[in-house]
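Here is what each chain is made of, one letter per residue.
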Amino acid sequence: MLRKSFAEFLSKECPAETVTENHNSKRGYSSAIWKKMARLGWLGLVHEDKYGGMDGSFLDLFILFEEIGKVLLPSPLFISPTLCGWLLKETGTTELINEYLPALIEGKKILSLALQDEQGKYDADSPHMTAVKTSAATYCINGTRLLVPYAEQADEIIFCVTLAGEGENGPTLFRIDSHADGLKQTFLPTLTGEKTYALIFDDVEIPAANILGQIGQGNVYLKSVTAKATVLKCGEMLGGLERVVEMTVGYVKDRQQFGRPLGSLQAVQHQCVDMSVLLEATRVIAYQAACLISEGEPCHKELAMAKAWCNDAYRITTWIGQQLHGGIGFTEEYNLHLYYKHAKASELSFESSWYHKRTVANEIS
Amino acid sequence: MDLSFTKEQEAFRQEVRDFVTAELEAGTFAISSTGLVAEASREFSLKMAEKGWIGLSWPTECYGQGRSYVDKMIMNEELFKVQAPLGFHFLGDRQVAPALIEFGSDWHKEYFLPRIANATEDSTFCLLFSEPNAGSDLVAVSTTAVEEGDAYILNGQKTWTSGGHLADWGWILVQTNFDESVPNHKSCSEFIVDLKSPGVTIRPIINSAGEVDFNEVFFDNVKIERKNLVGKVNDGFKQIMAQMDFERAGMERLMQNYPIYSLLVDHMKAMVASGENGEFCGWVKDQVAQLEIEYNIGRLLCYRTAWMIDSGKRPTSQAAIAKMFCTQLEQRVNDLATKVLGPVSQIREGVEWTPFPVDLAACYLWGASYTLQGGSVEILKNIVAQRGLGLPRR
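Residue numbers (the working numbering), protein chains in the order written: chain S, 1 to 365; chain U, 1001 to 1394.
To be clear, the hints were calculated from the coordinates, so they are not data collected in a lab.
Note that CB positions come from ideal geometry on N, CA and C, so glycine has one too.
Treat each hint with caution, since some may be false.
Claimed, not checked - Listed next, the in silico DSS-like pairs over lysine-lysine satisfying Cα-Cα at most 30 Å (straight line): (1) 121(S) to 1232(U); (2) 1109(U) to 1238(U); (3) 1381(U) to 1186(U); (4) 1381(U) to 253(S); (5) 1269(U) to 121(S); (6) 121(S) to 1339(U); (7) 253(S) to 1339(U); (8) 1285(U) to 357(S); (9) 1339(U) to 301(S); (10) 1223(U) to 1285(U); (11) 357(S) to 1339(U); (12) 223(S) to 1339(U); (13) 1381(U) to 1339(U); (14) 357(S) to 1381(U); (15) 301(S) to 1381(U); (16) 26(S) to 133(S).
To be verified - Chain S stretches covered by chain U per the calculated footprint, using a threshold of three residues with CB under 8 Å from any CB of chain U: (17) 86–96; (18) 280–287; (19) 350–364.
What the hints assert, rightly or not - Computed, partial: chain S to chain U, Cβ under 7 Å: (20) 2; (21) 190; (22) 257.
Chain S on its own, in the form it takes in the complex (with noise of 0.2 Å):
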């Protein structure tokens, strides 16, 4: 029920030319529809009632996050109400979280999280960027984060930095106005277009009460925050995959060539077959990740698995679908080159194959 509502509203609002549109508009996404998305309470799906939530289970947004694959809808849902939703009631003081977590649920408020160092590494263990202590109850924060997305669109951004001071130091999270002092924003033209930037932190003064949660505990916090985030990003991956699939086998059983379709070709039938399968094994793999987490069971070797397969699943799907399609999917009038963007965008988010098969390998010595 849940998915057919999802589907529904999504391929109504978001046809191809619309997220275009939106990534080469100046906010990077459509108010209109994060409004509607609002009032259907889908900022808030997971959240608690309380806050104006929907007390939904990460099940059910893995599924929402699996339909805006298939359409690819850009817009601040993933990390605004949802990433730093879950990072502001983990960190939050009762009086923050009251003000901000309804307000990113009404989708009013839009927050940001930079997780990534001036190489584009995520870096939460040990973070490449310092905060000094300046005087009590201030510090200064020197340091680069790349690929933030909707950074200068956010009202805020959270980071990690590491504590360089006395008796007290590690991973700390901070919270800082995205338009504050010293702080520069640079616009990155990325593969898919979508609004994401490089911040640079020139001696940027910060209060001490913009410290989230506990000193030295930022990475922490981040962990069980990316470890949804990854999965959430495989069911992304999984929408895309699975609408590439879609997409390709309609097309071979439209074109005539050879004065058949071209579908009706073996060689052609096998290709579409071997995008079945990986769309087939990435939906179970997916799936058993956003399961174990929607149960709260440990997943960590199901998780680096699931993001492992799918890195490559999609990757490969998307260039069977390009090759499939022939000259016409090598063009931007034709809406398969969004998922092939997609597909390396997602692969090079929340780590690559490599890392999640090192993790896989450990898990299982």
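Starting from the known structure of chain S, arrange chain U on it as the hints suggest.
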């Protein structure tokens, strides 16, 4: 099979290398890695013409230098390594001239060959083969040329025409026999069409890397003179198949992403030197070594086809194998580079965080086209299966 080079060939390679090094240092062009010899510079082509490097392997009686295909491949390898801007003369030199030498009239040879060899202003060609409904099934072309007095009238649409927006001339495959009892492959002819003729409309197509390389070209009652027919009427498909061997026998498909490959190798060396995570370095070395092996195989496959051409053999199957091997390798080069460089590899050129001086993200996007152009991998497999291995068609 002798795959070694003579002293003269090694010296020639050095001569080409010195030339490109000097040109790079002079800032004539910058290394890029996207469109298939998309960068066109008449200035650069004129320099090559002066050295006799356009038409290097055409016979001397046809305005060429009479050098071997291996020599030509040595030259191209060095030029492709830095992606020199060959676009102005490239298709004329590689494809049009050899076809004219084999099938063209005296007028064709007299008129076009010196122009191509000297990179004169009006000597740029594009290939008008594919149509919306004739892609892999090339014989299904439905653009028509109908005889009218001493001329032909062209009507129809071509697509995926690389460089069409820059070309003076089009090399076109059209239908000339409309008798339905005659099979398609005996109904096509080749013409040269002046793209400035009335009735020609060229519409650029934006590709998924956001760039313009190929075009749609429309013909609305375009009149061409009879002398622009190349070879025999209704023999066009047979002629084109022979030309495709020349297209596929080249090294451009292996070399287009050489700049990326070479940057990747440098990156690997730097990673190892800087003491990056040993497990990751081990994995990168394994993967890069695999590419190095494949790159060497690809290179030898290409030289083998050149050697066959020089010995008077037609390398249909070998050229198809070389091309499919090389195009698939090129895709893996870009893919591996993104994996090794990680998340920053999705950042396109124009900002300081772009990881390579060549736009790797754009190269990854172009990668989708390599296994399609000049015969998709599937068509090449058909050629090898049926013409190489002699497997039955049905």
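Residue 357(S) paired with residue 1339(U) [C-alpha distance capped at 30 Å]: holds (14 Å)
Is the coverage entry for the segment 86–96 of chain S by chain U consistent with the three-residue Cβ rule at 8 Å? With 0 residues close enough to chain U, the hint is violated.
Is the hint on residue 2(S) kept, meaning its closest Cβ partner in chain U is under 7 Å away? violated (32 Å)
Any CB of chain U closer than 7 Å to the CB of residue 190(S)? Status holds, d = 5 Å.
Need the status of pair residue 301(S), residue 1381(U): alpha-carbon distance at most 30 Å? Judged against 30 Å, a Cα distance of about 40 Å means the pair is violated.
Is the straight-line distance between the alpha-carbon of residue 357(S) and that of residue 1381(U) 30 Å or less? violated (34 Å)
Checking one constraint from the list: CA of residue 223(S) to CA of residue 1339(U), max 30 Å. Satisfied? holds (23 Å)
Mind checking the alpha carbons of residue 1109(U) and residue 1238(U) for me, to see if they're no more than 30 Å apart? Satisfied, since the Cα-Cα distance of roughly 20 Å is no more than 30 Å.
For the pair supplied as a hint, residue 1381(U) and residue 1186(U), confirm whether the alpha-carbon distance does not exceed 30 Å. holds (23 Å)
For a C-alpha distance cap of 30 Å, please report whether residue 1269(U) and residue 121(S) respect it. holds (19 Å)
Should the interface hint for residue 257(S) be scored as holding, given a Cβ-Cβ cut-off of 7 Å against chain U? holds (4 Å)
Need the status of pair residue 253(S), residue 1339(U): alpha-carbon distance at most 30 Å? violated (34 Å)
Against the hints set out earlier in the document, violations occur for numbers 1, 7, 10, 14, 15, 16, 17, 18, 20.
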